[in-house]
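**Student:** Protein chains in written order, with my numbering: chain A, 50 to 460; chain B, 3 to 429.
Honestly, the hints are just simulated from the structure, not real lab data. Mixed in with the good hints there might be a few duds.
[Said to hold, decoys possible] In silico EDC-like links for lysine to aspartate or glutamate, alpha-carbon gap of 20 Å or less:
| id | chain 1 | residue 1 | chain 2 | residue 2 |
| --- | --- | --- | --- | --- |
| 1 | B | 328 | B | 297 |
| 2 | B | 213 | A | 340 |
| 3 | A | 102 | B | 309 |
| 4 | B | 110 | B | 302 |
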Amino acid sequence: MHALLQGLKVVELASDRAAYAGKLMGDLGAQVIVIEPPGGHVSRTYGPFVDDKPDPDRCLWWWHYNTSKRGVVLDLKSREGREDFKRLVKDADIVLEGEDPGVLDALGIDHTQIRAENPGLIWVSVTPYGRMVADLHGPATDLTLLAGGGVAWSCGYDDHSLPPIRPSGGHAHHTASAFAILGALTAVVHRDFTGVGQHVDVSMLAATNVTTEISSIDWLWKRSTVQRRTGRHASEQLTMDIQIRTADGGYCTNPMGLTAAAHYQAALDWLRELGLEEEMPEAFMLQLGVERGGVPMKVLNTDDIEGIEIYRAGREALYLIASKLTMQEFFVGAQTRGIACGPVYSPDEALNDEHYKFRDYPTQVEHPELGRSYTYPGLPFTGEMIPGAIQRAPLLGEHTAEVLAALKEDA
Amino acid sequence: MQTAERQAAGAQADATKSTALSHVRICDLTGLLAGAGATRFLAAFGAQIIRVEQPAHEKHRWDFLRGGILPDGRSGIEFGSSFSNHNVEKLSVTLDLKSPEGKALLTKLIAASDVVTENFSAHVMERLGFGYEQLKAIKEDIIYVSNGGFGKTGPYSDFKSVGQVVQPVTGLSFMSGLPDKPPAGWGFAYMDHLGAYLMATAVLGGLVARKRTGKGQWIDFSCTEAGIGLTGPYLLDATVNGRPNRRPGMPNSNSENFPAMAPHGIYPAAGDDSWVAIACRGDEDWKLLAKAIGEPWAQDARFAAFDARMANRDELDRLLAAWTRKFERKQVEDLLVAAGVPASQVSMPEDRIENDPRTSRWGLWPTVQHDVLGGVRVEGIPIHMSETDWSLRKGAPCLGADNDFVYGSLLGLPQAEIEDLKARRVI
Numbered sequence: 050m051h052a053l054l055q056g057l058k059v060v061e062l063a064s065d066r067a068a069y070a071g072k073l074m075g076d077l078g079a080q081v082i083v084i085e086p087p088g089g090h091v092s093r094t095y096g097p098f099v100d101d102k103p104d105p106d107r108c109l110w111w112w113h114y115n116t117s118k119r120g121v122v123l124d125l126k127s128r129e130g131r132e133d134f135k136r137l138v139k140d141a142d143i144v145l146e147g148e149d150p151g152v153l154d155a156l157g158i159d160h161t162q163i164r165a166e167n168p169g170l171i172w173v174s175v176t177p178y179g180r181m182v183a184d185l186h187g188p189a190t191d192l193t194l195l196a197g198g199g200v201a202w203s204c205g206y207d208d209h210s211l212p213p214i215r216p217s218g219g220h221a222h223h224t225a226s227a228f229a230i231l232g233a234l235t236a237v238v239h240r241d242f243t244g245v246g247q248h249v250d251v252s253m254l255a256a257t258n259v260t261t262e263i264s265s266i267d268w269l270w271k272r273s274t275v276q277r278r279t280g281r282h283a284s285e286q287l288t289m290d291i292q293i294r295t296a297d298g299g300y301c302t303n304p305m306g307l308t309a310a311a312h313y314q315a316a317l318d319w320l321r322e323l324g325l326e327e328e329m330p331e332a333f334m335l336q337l338g339v340e341r342g343g344v345p346m347k348v349l350n351t352d353d354i355e356g357i358e359i360y361r362a363g364r365e366a367l368y369l370i371a372s373k374l375t376m377q378e379f380f381v382g383a384q385t386r387g388i389a390c391g392p393v394y395s396p397d398e399a400l401n402d403e404h405y406k407f408r409d410y411p412t413q414v415e416h417p418e419l420g421r422s423y424t425y426p427g428l429p430f431t432g433e434m435i436p437g438a439i440q441r442a443p444l445l446g447e448h449t450a451e452v453l454a455a456l457k458e459d460a
Numbered sequence: 003m004q005t006a007e008r009q010a011a012g013a014q015a016d017a018t019k020s021t022a023l024s025h026v027r028i029c030d031l032t033g034l035l036a037g038a039g040a041t042r043f044l045a046a047f048g049a050q051i052i053r054v055e056q057p058a059h060e061k062h063r064w065d066f067l068r069g070g071i072l073p074d075g076r077s078g079i080e081f082g083s084s085f086s087n088h089n090v091e092k093l094s095v096t097l098d099l100k101s102p103e104g105k106a107l108l109t110k111l112i113a114a115s116d117v118v119t120e121n122f123s124a125h126v127m128e129r130l131g132f133g134y135e136q137l138k139a140i141k142e143d144i145i146y147v148s149n150g151g152f153g154k155t156g157p158y159s160d161f162k163s164v165g166q167v168v169q170p171v172t173g174l175s176f177m178s179g180l181p182d183k184p185p186a187g188w189g190f191a192y193m194d195h196l197g198a199y200l201m202a203t204a205v206l207g208g209l210v211a212r213k214r215t216g217k218g219q220w221i222d223f224s225c226t227e228a229g230i231g232l233t234g235p236y237l238l239d240a241t242v243n244g245r246p247n248r249r250p251g252m253p254n255s256n257s258e259n260f261p262a263m264a265p266h267g268i269y270p271a272a273g274d275d276s277w278v279a280i281a282c283r284g285d286e287d288w289k290l291l292a293k294a295i296g297e298p299w300a301q302d303a304r305f306a307a308f309d310a311r312m313a314n315r316d317e318l319d320r321l322l323a324a325w326t327r328k329f330e331r332k333q334v335e336d337l338l339v340a341a342g343v344p345a346s347q348v349s350m351p352e353d354r355i356e357n358d359p360r361t362s363r364w365g366l367w368p369t370v371q372h373d374v375l376g377g378v379r380v381e382g383i384p385i386h387m388s389e390t391d392w393s394l395r396k397g398a399p400c401l402g403a404d405n406d407f408v409y410g411s412l413l414g415l416p417q418a419e420i421e422d423l424k425a426r427r428v429i
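Model the full structure from these sequences, guided by the hints.
**Tutor:** The structure is reproduced here in structure tokens:
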């Protein structure tokens with residue numbers, strides 16, 4: 050089988066910013082060599098660690114973001130290390146790096162010179178604000194980028210005495226890495242046609258800015274500012290809550306409410322199946338919903354009092370039903386009745402769901418150094434050229450000797 | 003046209019247009035952000051994206067973002083704000099997919115395309131008679147990329163998915179919030195964006211592989227699976243260490259980080275609902291921060307070393323918040339960044355779109371020309387390429403605006419036949 054990106058050689062300088070890009074390319078079949086400084090890249094210290102024992106080869110952050118790569122230690126601060134690096138990229142298709150502007154220049158690693166010797170080379174730089182505006186750079190982290198790029202403003206709670214929320218870590222990296230791959234592969238497609246490589250300049254801040262959906266668009270379109278809302282879209286106008294508590298203490302979302310006549314019939318039938326109709330005096334409103342032919346969401350912005358009350362009763366019916374069911378039961382029950390719903394799973398609950406097991410999404414990755422395999426998230430793609438296996442991340446310096454020996458043979 | 007001619011023609015037509023992908027034609031059945039966002043990127047780099055849409059008389063649109071209301075109150079099919087953003091630099095043709103003649107037109111278009119993209123519900127393409135086997139029969143090396151919430155197989159393949167379904171199912175919503183509060187989740191369809199990026203990745207990957215093997219393929223993308231993968235280190239903590247993600251204290255997503263940092267959080271600034279993010283990457287950052295604060299508590303031994311700061315994190319956050327509250331959010335950012343400490347205001351849309359040289363100098367908010375609306379400001383692309391950079395000039399297409407060009411010039415139908423198809427509402 051030919052793997053999707055088979056035949057592409059990627060040389061990556063280990064970084065937080067571009068690690069996910071290298072991982073995805075590696076998982077999709079590219080030959081990725083990740084270069085670390087002596088002692089290992091700092092991300093090997095991030096944790097969490099296998100059995101909570103800190104060790105560069107037991108770091109789960111490293112494990113996750115460096116699958117399907119080979120690992121080489123080079124000291125780019127030494128002349129010898131730089132020479133090895135330059136020989137390594139001589140026949141590479143892509144260089145992927147996430148160094149702050151100026152760092153590589155200071156080491157004498159200038160992509161314009163290297164590309165002059167290998168005109169087909171594609172060099173991808175991921176920096177906080179983009180090399181184009183190198184002079185504007187300051188210290189930045191994932192958190193400050195998600196705050197400055199507009200993601201945090203849209204996330205949090207209805208209660209605005211609570212801070213905006215960074216909706217978990219790493220997403221400035223993920224977003225930038227996605228654009229790093231897009232840029233790299235766009236450049237490969239162009240080079241396949243013309244032979245010409247190029248430099249791809251990725252701005253993490255710009256990437257987060259354009260990954261905020263209506264927050265940017267509402268401003269650009271009508272200069273309106275969205276406000277954060279608990280667990281649902283930020284919006285200018287107040288909207289109804291969409292998170293529903295389930296009997297096991299979890300939550301499910303019902304983002305659309307009940308809109309079609311069939312939804313109202315389904316909710317009524319569901320109440321009856323569970324023997325709950327008596328507990329809900331306004332259940333008759335659901336019948337009205339059926340007779341009206343449903344209640345479109347846009348009714349909520351009108352003075353159609355009856356429509357709004359029916360819509361509200363639909364929500365109440367779901368609250369009552371959910372209070373008797375587990376998260377999983379309510380989710381599957383709603384969806385099989387045609388009602389959009391998502392369980393607020395924890396990541397491990399998601400991975401263990403029968404749907405993903407059926408699809409073989411959880412993937413066993415062999416760790417011979419520990420004498421066993423572990424379950425990893427798989428690739429989100431299926432197809433003839435999508436590899437089914439993922440290789441574990443390299444141990445520190447695992448492939449240094451082998452890769453450098455091959456270089457010397459070539460030389 | 004052959005690809006070389008196509009590229010030359012494309013370059014000639016508009017010298018400012020990117021030639022990176024100008025030899026690529028996509029028959030684009032996508033809609034909404036998750037699909038249209040994917041082909042948007044490719045369009046910016048010169049790919050010819052032919053959006054296939056329902057004829058004007060169809061009331062129910064698969065891309066319900068197309069219609070909308072203008073700030074001046076006018077409403078209509080050309081006025082969707084998100085649509086106008088997501089579909090820049092694309093062409094639009096209409097055809098009735100339910101009619102045999104419409105299917106015949108789509109067949110011709112597919113035969114002339116490199117790629118077919120769609121994000122319908124799981125089994126729609128098969129029902130329409132355009133599953134992968136049929137696509138392949140039309141064009142042997144076609145690249146077909148489908149994007150769905152749950153993928154085309156499995157017990158949930160027919161389940162409805164929108165952003166606020168995808169993010170909950172994946173664990174991403176759970177991971178967002180403060181301890182002992184309901185999930186804060188995501189205030190936007192994050193996975194529509196990431197899904198779009200990864201869908202475009204699949205298209206490009208397909209083109210790369212076709213060049214090397216001569217073969218097309220079908221790649222099915224599952225947005226929820228992509229989302230689960232983004233929780234990686236937490237997930238491995240559960241699968242490797244047996245530590246459940248659902249446990250007391252989880253989540254605490256402003257504070258928690260890989261690597262752990264203290265202080266690390268979002269703090270109040272002066273004024274109403276005004277905030278600033280601060281992160282100290284280590285003791286050196288803390289020393290700089292303490293000096294910038296210049297108050298005695300900041301020199302306290304309880305906060306001098308990382309372990310101590312982590313142990314006293316609540317107290318540290320309280321004191322830091324009392325300090326940040328004295329200043330405007332941008333003042334705190336400017337002061338701390340100048341001191342060398344990572345800090346950023348929690349930017350409101352106006353801050354980052356109108357008042358941030360890092361985005362304006364990048365060219366991140368270009369104005370495109372829309373046939374009805376005139377100049378429309380849209381989002382740019384967060385990468386620049388040294389040889390074949392993107393350009394966005396043309397606004398989203400009006401419905402069916404390119405019927406004559408695509409059916410006539412491209413597919414070779416006589417104008418009289420096109421007029422007849424229009425009259426009979428096939429297109």
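**Student:** For the pair we were handed, residue 328 of chain B and residue 297 of chain B, check the Cα-Cα distance against 20 Å.
**Tutor:** The hint holds at about 13 Å.
**Student:** With the threshold set at 20 Å, check whether the alpha-carbon distance from residue 110 of chain B to residue 302 of chain B stays at or below it.
**Tutor:** 74 Å, violated
**Student:** Given the hinted pair residue 213 of chain B and residue 340 of chain A, is their Cα-Cα distance within 20 Å?
**Tutor:** 57 Å, violated
**Student:** Compare the distance between the alpha carbons of residue 102 of chain A and residue 309 of chain B with 20 Å, and conclude whether the hinted pair is satisfied.
**Tutor:** 17 Å, holds
Of the numbered hints listed earlier, those contradicted by the structure are 2, 4.
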